[in-house]
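S.K.: Given next are the chains, with one letter for each unit.
Number of protein chains: 2
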Amino acid sequence: MNSVTLRSPLDMHVHLRQDAMLDLVAPLTAASFAGAVIMPNLLPPVNSVERLQWYTQEVRRATAAFSFAPYMTLFFRDYSEQELMAAREHMIGIKLYPAGATTNSEHGVQQIDAMGHVFAMMEEMDIPLLVHGETHGFVMDREAEFTRVYRHLATAYPRLRIVMEHITTADAVALLDQYENLFATVTVHHLYITLDDVVGGLMRPHLFCKPIAKRPEDKEALLRVCLDAHPKVMFGSDSAPHPVSMKESPGCAAGVFTAPIALPLLAQLFSTHSSLDKLQAFVSDNAQRIYRITPPSTEVVVEKVPMTIPDAYDEVIPMWAGSKLEWSITKPAHQ
Amino acid sequence: MNSVTLRSPLDMHVHLRQDAMLDLVAPLTAASFAGAVIMPNLLPPVNSVERLQWYTQEVRRATAAFSFAPYMTLFFRDYSEQELMAAREHMIGIKLYPAGATTNSEHGVQQIDAMGHVFAMMEEMDIPLLVHGETHGFVMDREAEFTRVYRHLATAYPRLRIVMEHITTADAVALLDQYENLFATVTVHHLYITLDDVVGGLMRPHLFCKPIAKRPEDKEALLRVCLDAHPKVMFGSDSAPHPVSMKESPGCAAGVFTAPIALPLLAQLFSTHSSLDKLQAFVSDNAQRIYRITPPSTEVVVEKVPMTIPDAYDEVIPMWAGSKLEWSITKPAHQ
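Just so you know, the protein sequences line up as chains A and B, in that order. The first sequence begins at 28 in my numbering and counts up one residue at a time. The second sequence begins at 28 in my numbering and counts up one residue at a time.
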């Protein structure tokens, strides 16, 4: 197969930022995807109904040229029942970041227990919990250490749908078949790169992200479940734009920008592994079933037609800028 | 103790480069150290008697204001007996880089065996072999994989003095007490940082080096032998300057620049661990005994007097530029 038509492809984890950056990157996402789960880590975070409504409008405005569904998220905090009731219809889930909650795995569980009433309400209201699952331990161990927290949450709140976001390790993959209520998103860059690509040759700031790319055997475990479109795994790019000045600097910000090239990268990868027939499930069907959503009906055609990845999108450098891809989008979502 | 007088401190592994960079960094090394082992990885490499003599003159010229001993090295290749005889008096050892020689540990040993006649001659002539001990495997495993090569060399050439350069792992530390003819240099940055410091928070290009900083338990193993001044361990900074344009870029070059702050960093570290009495052995006595050298007689005084690490030395950014150190050099080598 040298072509694939994707029906309503979805990016279940993306950073669209705000202001000028939003205006730059949101249309790039909407050109490839029928909908996306929008992360709430703005400054200040999206942690109230008012902020949520404001940000929804901002994203809608920036993607007005497209029939694009922004699936909004709240930034996790100690919400009241009234707040959750009011926010519920405006969002798809609540995103939990480990900062403050999980300095170490042991300590993290205790702190997370202090939020038990919120998890219980979310479980009752059927609001998914989206988790950045890293402790504050050694960088290569953070996700593996956090699996203790995932186990705890999955057991304590068995009807709470928990999405392990941007998983990078065989340890996290192993949880999928152990707990019915654990799901996962996987990025495209973690299917291509390991720590070797980040710091094994020259150091590559544009491949630096959190969680950091891990070991070859971790990448293999991710590939196994994604290429097979494991029913609990969804595509989430974690595309995270930063201005070039924040990347090529003495303190490089974490984030890989892949939004406009994610589908060609995926098509190339799935094609190489003779799994192109699984791509529809990975980039849309699984997410629709897990999140119980019906995104706008669109079609994106990706073909084995070479492209060169742009050197930059304005001030944002994409992954593998300037290099060749074998596949490209020949018919975007809405034109 | 709030002061330490170091007699003829030595840096047993340093990159002085050539041309303008040599003129910039060589005096900074000579202000701290009575002598240093100068790496031969220029372009083209220092791999002939002629190149060796030329480079020796260059280093002497750049350090003429100091009574400084440059201990020169040859870049390993298939030398003839005549070449080794001619080079012998002009150098302290031959530096082996893994490129081409050791793609993987298994393959590497075979290729290294093809150089057996050179090792045998070096053993016979009592020329030390200095080794960058990394395979081309996964970045966190390269040094541990290379220990197989060290074991092979140490066993096959029992009278050849082999220096494991800039070791970073508990695996390499463990070899020291297993093979009489294995020695090691350790940098100062690998005593301070782990991979966490490089990519655990923001990404830090000025802490990016090869071998990459490893795990906390590796750092602990290094600290143990250095703070104890294990008799087979020597200080070698691996100070490796690059212009800032090569560091803060999409492809950051490997190398941490520490030459002018190495002794204050070491004094601070040894003082913190109540091991200041061991610093003399680590930065000079061990090296004099292992290499059988008598460096120029100098004294460097390092005191608990705060300093701020300069933001830059011309176009070179040092480790932890702009931050505070508790210790500083109050009397340099030669003024």
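Check before you lean on any hint, since a few could be wrong.
Identical chains blur together in the list; that is why a pair holds if it fits in one copy or across any two.
[Stated by the list, open to error] Simulated crosslink set (SDA-like; lysine to any residue; CA at most 20 Å straight-line):
#1 K331 - Y206
#2 K305 - P185
#3 K259 - L218
#4 K331 - D168
#5 K259 - A181
#6 K351 - G278
#7 K331 - S276
#8 K358 - T335
#9 K358 - A141
#10 K305 - M273
#11 K305 - H144
#12 K358 - Q138
#13 K237 - D224
#14 K237 - N208
#15 K237 - G227
#16 K237 - G278
#17 K237 - D223
#18 K331 - S355
#19 K237 - T299
#20 K259 - G349
#21 K331 - S298
In case anyone wonders, no lab produced these hints; they're calculated from the structure.
S.K.: All hints, please: hold or fail.
M.R.: Here is what the structure says about each hint:
1. K331 - Y206: neither (38 Å within a copy, 56 Å between copies)
2. K305 - P185: Close neither inside one copy (29 Å) nor across copies (57 Å); limit 20 Å.
3. K259 - L218: within (17 Å within a copy, 43 Å between copies)
4. K331 - D168: neither (38 Å within a copy, 36 Å between copies)
5. K259 - A181: within (14 Å within a copy, 52 Å between copies)
6. K351 - G278: between (28 Å within a copy, 18 Å between copies)
7. K331 - S276: neither (36 Å within a copy, 32 Å between copies)
8. K358 - T335: within (17 Å within a copy, 57 Å between copies)
9. K358 - A141: neither (49 Å within a copy, 56 Å between copies)
10. K305 - M273: Intra 36 Å, inter 42 Å, cutoff 20 Å: neither.
11. K305 - H144: Classified as neither; 39 Å inside a copy, 56 Å across copies.
12. K358 - Q138: Neither way: K358 and Q138 sit 48 Å apart in one copy and 51 Å across, limit 20 Å.
13. K237 - D224: both (14 Å within a copy, 14 Å between copies)
14. K237 - N208: For K237 and N208, neither the intra-copy (24 Å) nor the inter-copy (43 Å) Cα distance is at most 20 Å.
15. K237 - G227: Result: close both inside a copy and across copies, 17 Å intra and 9 Å inter.
16. K237 - G278: So K237 and G278 pass the 20 Å test inside a copy (14 Å) and across (19 Å) alike.
17. K237 - D223: both (15 Å within a copy, 12 Å between copies)
18. K331 - S355: within (6 Å within a copy, 61 Å between copies)
19. K237 - T299: neither (27 Å within a copy, 33 Å between copies)
20. K259 - G349: Neither, since 34 Å and 48 Å both go past 20 Å.
21. K331 - S298: within (9 Å within a copy, 62 Å between copies)
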